[in-house]
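**Q** Read off the chains here:
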Amino acid sequence: MSLIVFFMINFVGDPVDMLVNPESLPEEIERVRRDFGLDQPVHVQYWKFLQGAMNGNLGNSFIFGRPALALIIERFPATLELATCALIIAIIVGLPLGIFAGLNPNGFGTRIIMSSSVLGISIPTFWLGLMMIIVFSVFLGWLPVSGRGEIGSFLGIQSSLFTFDGLLHLIMPATNLALFKIAMVIRLARAGTEEVMSFDFIKFARARGLPSQRIVRFHLLPNILIPIITVLAIEFGTLIAFATVTETIFAWPGLGKLVIDAIVNLDRPIVVAYLMFVVTLFLILNLIVDILYAVLDPRVRVQGEDQ
Amino acid sequence: MIKNLLDIDNLNIKFFSDQEIVDAVRNVSITLRSGEVLGIVGESGAGKSTIGNAIVNLLDAPGEIVKGKVMFEGQNLVDLDDKAMRIIRGKKIGMIFQDPQTSLNPIMTIGNQLIETIKFTKNVDDASAYNQATELLESVGIDNPKLRMKAYPHQFSGGMRQRVVIALSLAGDPDVIIADEPTTALDVSVQAQILELIKSLCKKRQLGVIIITHDIGVIANIADRVTVMYNGSIVETGNVRQVLSSPKHDYTKSLIAAVPRADVKLKRFQSIDFIEGNTHNHKFINLDTHWLGKKLNQKNSNKAISINELNKQFILKKAIFFKNRVYLKAVDNVSFDVKKGESFGIVGESGSGKSTIARLIAGLVNVDSGSIKIFDQEIVNQKNTQEVIVAQRDVQMIFQDPYSSLNPRMKVQDIIAEPIKFYQTASNNKEINQIVCDLLNHVGLSETALLKFPNQFSGGQRQRISIARALASRPKILICDEPTSSLDVSVQAHILNLLKDLQDELGLTMLFISHDLPVIRQMCDKVAVMRKGKICEINSTENIFKNPRDPYTKELISLIPKIENIS
Amino acid sequence: MIETKSLHKDNISIGTNSKILLKKFTKPSTLISLGLLFLIIFCAIFAPILAPTNPYDLKVVSILDSRLSPGDKMFNGTVAWLGTDGAGRDVLSAIIFGLRTSLVVAISSALIALTVGLFVGLIAGFYGGKIDAFLMRVVDIQLSFPAILVALVLLALLGKGIDKVIIALAIVQWAIYARTVRAAAIVERNKEYIQAASCLGLSNSLIMWKHLLPNSISPLIVLATLQTAHSISIEATLSFLGVGVPITEPSLGSLISNGFDFILSGAYWITFFPGLMLLATVAAINIFGDQLRVVLNPRVNK
Chain A
1 MSLIVFFMIN
11 FVGDPVDMLV
21 NPESLPEEIE
31 RVRRDFGLDQ
41 PVHVQYWKFL
51 QGAMNGNLGN
61 SFIFGRPALA
71 LIIERFPATL
81 ELATCALIIA
91 IIVGLPLGIF
101 AGLNPNGFGT
111 RIIMSSSVLG
121 ISIPTFWLGL
131 MMIIVFSVFL
141 GWLPVSGRGE
151 IGSFLGIQSS
161 LFTFDGLLHL
171 IMPATNLALF
181 KIAMVIRLAR
191 AGTEEVMSFD
201 FIKFARARGL
211 PSQRIVRFHL
221 LPNILIPIIT
231 VLAIEFGTLI
241 AFATVTETIF
251 AWPGLGKLVI
261 DAIVNLDRPI
271 VVAYLMFVVT
281 LFLILNLIVD
291 ILYAVLDPRV
301 RVQGEDQ
Chain B
1001 MIKNLLDIDN
1011 LNIKFFSDQE
1021 IVDAVRNVSI
1031 TLRSGEVLGI
1041 VGESGAGKST
1051 IGNAIVNLLD
1061 APGEIVKGKV
1071 MFEGQNLVDL
1081 DDKAMRIIRG
1091 KKIGMIFQDP
1101 QTSLNPIMTI
1111 GNQLIETIKF
1121 TKNVDDASAY
1131 NQATELLESV
1141 GIDNPKLRMK
1151 AYPHQFSGGM
1161 RQRVVIALSL
1171 AGDPDVIIAD
1181 EPTTALDVSV
1191 QAQILELIKS
1201 LCKKRQLGVI
1211 IITHDIGVIA
1221 NIADRVTVMY
1231 NGSIVETGNV
1241 RQVLSSPKHD
1251 YTKSLIAAVP
1261 RADVKLKRFQ
1271 SIDFIEGNTH
1281 NHKFINLDTH
1291 WLGKKLNQKN
1301 SNKAISINEL
1311 NKQFILKKAI
1321 FFKNRVYLKA
1331 VDNVSFDVKK
1341 GESFGIVGES
1351 GSGKSTIARL
1361 IAGLVNVDSG
1371 SIKIFDQEIV
1381 NQKNTQEVIV
1391 AQRDVQMIFQ
1401 DPYSSLNPRM
1411 KVQDIIAEPI
1421 KFYQTASNNK
1431 EINQIVCDLL
1441 NHVGLSETAL
1451 LKFPNQFSGG
1461 QRQRISIARA
1471 LASRPKILIC
1481 DEPTSSLDVS
1491 VQAHILNLLK
1501 DLQDELGLTM
1511 LFISHDLPVI
1521 RQMCDKVAVM
1531 RKGKICEINS
1541 TENIFKNPRD
1551 PYTKELISLI
1561 PKIENIS
Chain C
2001 MIETKSLHKD
2011 NISIGTNSKI
2021 LLKKFTKPST
2031 LISLGLLFLI
2041 IFCAIFAPIL
2051 APTNPYDLKV
2061 VSILDSRLSP
2071 GDKMFNGTVA
2081 WLGTDGAGRD
2091 VLSAIIFGLR
2101 TSLVVAISSA
2111 LIALTVGLFV
2121 GLIAGFYGGK
2131 IDAFLMRVVD
2141 IQLSFPAILV
2151 ALVLLALLGK
2161 GIDKVIIALA
2171 IVQWAIYART
2181 VRAAAIVERN
2191 KEYIQAASCL
2201 GLSNSLIMWK
2211 HLLPNSISPL
2221 IVLATLQTAH
2231 SISIEATLSF
2241 LGVGVPITEP
2251 SLGSLISNGF
2261 DFILSGAYWI
2271 TFFPGLMLLA
2281 TVAAINIFGD
2291 QLRVVLNPRV
2301 NK
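Sequence lines, in order, name chains A, B and C.
Using this note's numbering, the first residue of the first sequence is number 1, and each one after it goes up by one.
Using this note's numbering, the first residue of the second sequence is number 1001, and each one after it goes up by one.
Using this note's numbering, the first residue of the third sequence is number 2001, and each one after it goes up by one.
These are computed hints drawn from the structure, not numbers from a lab.
Every residue, glycine too, gets a C-beta built ideally from N, C-alpha and C.
Do not take every clue at face value.
Have a look at the derived ranges for each label pair, beta carbon to beta carbon [said to hold, decoys possible]: (1) B:D1018 x C:K2073: 50 to 58 Å; (2) A:F139 x C:K2073: 25 to 33 Å; (3) B:N1131 x A:D165: 54 to 62 Å.
In silico lysine-lysine, BS3-like type, Cα no more than 25 Å apart, as pairs [unchecked claim]: (4) B:K1452 x B:K1430; (5) A:K203 x B:K1067; (6) B:K1329 x C:K2130; (7) B:K1204 x B:K1092; (8) A:K203 x B:K1091; (9) B:K1091 x B:K1203; (10) B:K1199 x B:K1092; (11) C:K2191 x B:K1452; (12) A:K203 x B:K1119; (13) B:K1421 x C:K2210; (14) B:K1452 x C:K2210; (15) C:K2210 x B:K1411; (16) B:K1554 x B:K1532; (17) A:K203 x B:K1092; (18) B:K1083 x A:K203; (19) B:K1069 x A:K203; (20) C:K2191 x B:K1329; (21) B:K1430 x C:K2210; (22) B:K1122 x A:K203.
With the sequences and hints as input, model every part of the structure.
**A** Below, the structure is given as structure tokens:
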């Protein structure tokens, strides 16, 4: 992966051009090139990179001049905070609505919920973010326009969730990011509910005289949660990636903004470091999903009797 | 005085949808007494399951009870709302469904499912609920109940799961149990046990049991009284012994006549004309002039199929190291011969390997080791020479599931014409069309079927189309893999008659695979009994049924329901 | 006329009844979305004729027209119904042309992805075994990364240009087509009509193309529709971020990005209307796709 990125970025353009005033003297340009090690042939550069990578050093950012990995780790908590909030909002709002829609397929409320969910997945996130800023910050003046709020501390965790100012700054970006996911959770929950409710064991539970509430809570819910949770765990990765957009609009100092700038400015170390980081993150995420599945579904955990 | 537990009076149920109204149940009246087992028997579409669902108001949408009463303990259940019905369900009337696998919540232990049912129907505390649950498990024949309480449904075998389902339905101490096809999804050997269990529980607890089934054998086994349904209405009701020995209604007569008998081999299934029209007398063709007759007499060998030390295993558990892999020996050193023109049956339960052998011979699955010779031509691991290709073409197969054995996107005409076009056995399109029409008529369908799609036909009709397709290859050997297991009993009889006629007419060699011994009795000259990949016994049909030697064969034969003995 | 029948299982048609189809298609939401779709496609095709001005013709565009409110008259007399942007381009015309770009990119990438995915999925589903395992591993790896991330990286590597955007989107999407086709193919492959074809002696490729393919593509129709909507969204996002289509051929996303800078000064229309159009387009396709899914799914038709 790193190999591909490494070589291809060089094909796109010469990084040095981005860094140096084009009108500098040739000696200046050469000096910059040497400083960054870009005067060596590409494969030598890659070898040096690998050596560094083994030691945890992924090179210095061309633009910031500091270690790329350090920059990434520095900005990650902000993105993590945003993504986590968005996920929690999506679950809290989407799950009950979806289940309700699934249990009452022909209800009037259901029709409203489903229409909203279509809107939810169709609205361009970035446009909505802009509109939110216009309405809530410019016209109404209720919420701050952009940026991250004050950071508070709780149980050793630093987060802007723990200050009022922090919360104010968090509301719009988190909701904006969550919107698409809410719609998705609603649709997933509804489809899952409709499917599980048609299963025989639900009918048998009713035939045994169990009340509807009990059936929904103990028979329906656990069975739809398993696939939903596993999907959401993977979608968490998408949230982190998609935060790029939200961070750009709301000037949230997270990973996404860093990376977009790096791509546009051909800051190769950061792009490479970001990718390595993200790949590792997703591998861990997938592992968590597998573990979750085993924990939640006894059919995976315990061996059955039939062949 | 024995009072009526349940009194269904003139029940009418309809299903409403945008395009049509389906009259599922018409003017049905049924009574049930405590301590008796009432059987409701009928084929698919008779409405029997609908009645069962309707009694406890669990009709699948869009069904509605439009008229009639269901009297239970002085109340008309039809009038009750869902809340009132909930008190009746489980506590007074219990239900058992067909498939134990899907009837249980897969992620809840069976102990919890039992305890919750007991608590909600009987309103007792946790400790007593637990005790009652373990007692229930014991009463349905599950050993080690305390340990099994912690188990999940998938840890039980099919038969044990159904016992759990029965325990659950009894948890609330109901007076009536409705069992909807309780043994259909189970193996033959287990079926008898479950039916025995239901019967003994019925007598012990003085329950009223309604058994809904399509299988007359089940009725003969445990029912006291029987109601026969056809097309939504009741055609006959009475004491089981009486109805089975001297049925009054034509449908009942047809239904009973269609059940394959295990005691004597009949030339054809007779008097089954009530359903599917008349058993039109098969028009026998003149083999010398007909298209089907060409090329039929070319092979000289008398041994149609010759199998020697055939082996096939499947990998159950994959592993990197060979020694850790777990294999399933589907076919274990099997050898037998089938004579030309003979009707050879292979019988066994699921997992016996009978279907695998069929597929090995048809060339659908690769052989591990051993030899298969078709008319003396070896077909295992050979290069694709002309002889090998012709030999394989001579073997055609009729499959079990009529709903998946025809390409849903091809017209019937194209389906049947495909082999003719592929083998180029006809010279032009006109001839092809003529042959296709002819084949259709031959299997009992009219030309109007040509341009239709498979989903416009019933199960029995689809099997006829499959047979026509197989015949279009002009095979010498026909392998029938459970060709009628998915069909109603009456339809099965017609299809089996057709197969018999075709075999007589064309001199086909037939390999007949089935789990159903009576069917084998009717269709085959010679039988091989298989178990876990090995052959237990091979003998002529008469000898197998009259003097079985192998203990497994004896056991299988003992499990055949004796309908004939009742009459 | 309403006919009464018995419950015999063969009476319930398993396929789609043409009467049901008609009923589903006359639902108001379907008609509206269908109508909107036709309008959009019509506009996109006939853009040069329909748009009041050509916003990319440098001779016509004049800085004097910049930031006119909706409804104002431009210098050459035409009315700017939706206002003009910072450079004096008529927003309405820009939207119509932008729509065209968005659609072209989305549909081309969808077609490429569909073809590749169909091929891969069919082969994986039919042959099974090691081939299937390998192909699906590739698919799984790709699918475990978010689409937007893959697109970003690809564009970082490929550079700018409309064709590169189309390729990037195609690469992002093929995996989900492959997985969907493979799932359908596996179900069909185990059905007995495929085994019957094998019995006849038909070659593997003949079975695959003639029997398996027609029965595995129905889920693709719905998927293609929904994926088209999704890729319009992704492309818009990429263009907004600055890594999508070039400025010379803007899509709706770029237009929204252009308007970003003017929000705080009150010229909301430069961002608002393109966004609205984007929303309407994506929503129309999604609604249509949903209806299609309901119509084509036999289980739901019971």
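**Q** Has the given pair, K1329 of chain B with K2130 of chain C, been kept, meaning a C-alpha gap of at most 25 Å?
**A** This hinted pair holds, its Cα atoms lying about 22 Å apart.
**Q** Given the hinted pair K1430 of chain B and K2210 of chain C, is their alpha-carbon gap at most 25 Å?
**A** Judged against 25 Å, a Cα distance of about 23 Å means the pair holds.
**Q** Would you mind confirming whether the straight-line C-alpha gap from K1083 of chain B to K203 of chain A stays at or under 25 Å?
**A** Given pair K1083 of chain B, K203 of chain A holds - Cα atoms ~16 Å apart, limit 25 Å.
**Q** K1199 of chain B and K1092 of chain B: Cα distance at most 25 Å?
**A** holds, 18 Å
**Q** Is it true that the CA of K2191 of chain C sits at most 25 Å from the CA of K1329 of chain B?
**A** holds, 23 Å
**Q** Would you mind confirming whether the straight-line C-alpha gap from K1452 of chain B to K1430 of chain B stays at or under 25 Å?
**A** Holds, at roughly 19 Å.
**Q** Mind checking the alpha carbons of K1204 of chain B and K1092 of chain B for me, to see if they're no more than 25 Å apart?
**A** Holds, at roughly 17 Å.
**Q** For the pair supplied as a hint, K1452 of chain B and K2210 of chain C, is the alpha-carbon distance within the 25 Å limit?
**A** holds, 19 Å
**Q** Taking 54 to 62 Å as the hint, is the beta-carbon distance of N1131 of chain B and D165 of chain A inside that range?
**A** At roughly 59 Å between Cβ atoms, D165 of chain A and N1131 of chain B fall inside 54 to 62 Å, so the hint holds.
**Q** Okay, D1018 of chain B versus K2073 of chain C on CB: inside 50 to 58 Å?
**A** The hint (50 to 58 Å, Cβ to Cβ) holds, given that D1018 of chain B and K2073 of chain C are roughly 54 Å apart.
**Q** Given the hinted pair K203 of chain A and K1067 of chain B, is their alpha-carbon gap at most 25 Å?
**A** Distance of about 24 Å is within 25 Å: holds.
**Q** Are the Cα atoms of K1122 of chain B and K203 of chain A separated by 25 Å or less?
**A** holds, 20 Å
Checked against the numbered hints above, the structure violates none of them.
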